[in-house]
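**Student:** Here's the letter readout for the chains.
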Amino acid sequence: GIQVEQSPPDLILQEGANSTLRCNFSDSVNNLQWFHQNPWGQLINLFYIPSGTKQNGRLSATTVATERYSLLYISSSQTTDSGVYFCLFNSGGSNYKLTFGKGTLLTVNP
Amino acid sequence: NAGVTQTPKFQVLKTGQSMTLQCAQDMNHEYMSWYRQDPGMGLRLIHYSVGAGITDQGEVPNGYNVSRSTTEDFPLRLLSAAPSQTSVYFCASSFGGQNEKLFFGSGTQLSVL
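Just so you know, the sequences run in chain order V and E. Just so you know, the first sequence maps onto residues 1 to 110 in the working numbering. Just so you know, the second sequence maps onto residues 1 to 113 in the working numbering.
Calculated from the structure, these hints are not laboratory results. Each residue gets a CB set at the ideal place from its N, CA and C atoms; glycine is no exception. Be a bit skeptical, because a hint or two may be false.
Unchecked claim - Cross-link-like lysine-lysine pairs, in silico, PhoX-like; alpha carbons within 25 Å at most:
id	chain 1	residue 1	chain 2	residue 2
1	E	Lys-101	E	Lys-9
2	E	Lys-14	V	Lys-97
3	E	Lys-101	V	Lys-102
4	V	Lys-102	E	Lys-9
5	V	Lys-54	E	Lys-101
6	V	Lys-54	V	Lys-102
To be verified - Covered stretches of chain E (chain V as the covering partner; in silico rule of three or more C-beta atoms under 8 Å from a C-beta of chain V):
id	region
7	6-16
8	37-43
9	48-61
Stated by the list, open to error - Pair ranges (Cβ atoms, derived):
id	chain 1	residue 1	chain 2	residue 2	range
10	E	Ser-67	V	Gly-16	28 to 36 Å
11	E	Leu-79	V	Glu-15	45 to 53 Å
12	E	Ser-69	V	Arg-22	23 to 31 Å
13	V	Glu-15	E	Lys-14	24 to 32 Å
14	E	Gln-17	V	Asn-109	20 to 28 Å
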């Protein structure tokens with residue numbers, strides 16, 4: 001079956017540090033999204049990025065479809081960035097199922 | 001514009017009871033889906049629907065039923081609740097299908113005693 005693997009599983013940072021989260025997937029990509037789950041459990045869509053690079057403030061994401069991975073960059077991290085970051089993947093075609101990675105738990109300390 | 005609305009937010013059941021988790025969206029989205037989230041397991045797909053009258057199984061469908069009689073609503077039914085179904089349940093929808101941006105409801109925390 002389709003594999004979606006995220007790394008690292010856990011990350012602890014000091015406020016102001018930068019970080020890179022990775023999502024590897026085992027098939028050709030048609031849909032790749034990044035989500036942040038805040039400490040209240042809410043899932044917030046950060047990026048819809050099946051290819052290329054996008055930026056939104058301190059966050060940016062890049063998907064390299066030919067090499068089957070996506071990266072989420074967080075610069076100048078803040079305590080409010082804490083939470084779990086998930087990538088979501090679909091290979092398209094007749095596959096209607098969207099698959100989540102297991103997430104990266106990010107803790108930003110003041 | 002409410003987005004994706006889930007009810008209830010919290011529910012406690014006894015083993016063997018039945019209940020329905022409600023999900024409604026007002027964005028005219030064709031694709032709707034249910035996920036459960038368990039510690040260490042991430043979010044796993046239970047059932048999904050690509051339009052009214054069309055449903056299919058996801059990764060963990062056993063013990064759950066769904067129907068899609070309208071575009072707006074996608075209820076999830078537990079026919080005989082089991083402790084293994086204790087979890088947080090999320091409903092999600094997207095406009096054009098599995099290749100579009102996904103929007104989530106706020107979740108239902110279910111405990112089965």
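**Student:** Any of the earlier hints contradicted here, and which numbers?
**Tutor:** 2, 7, 10, 12, 13, 14
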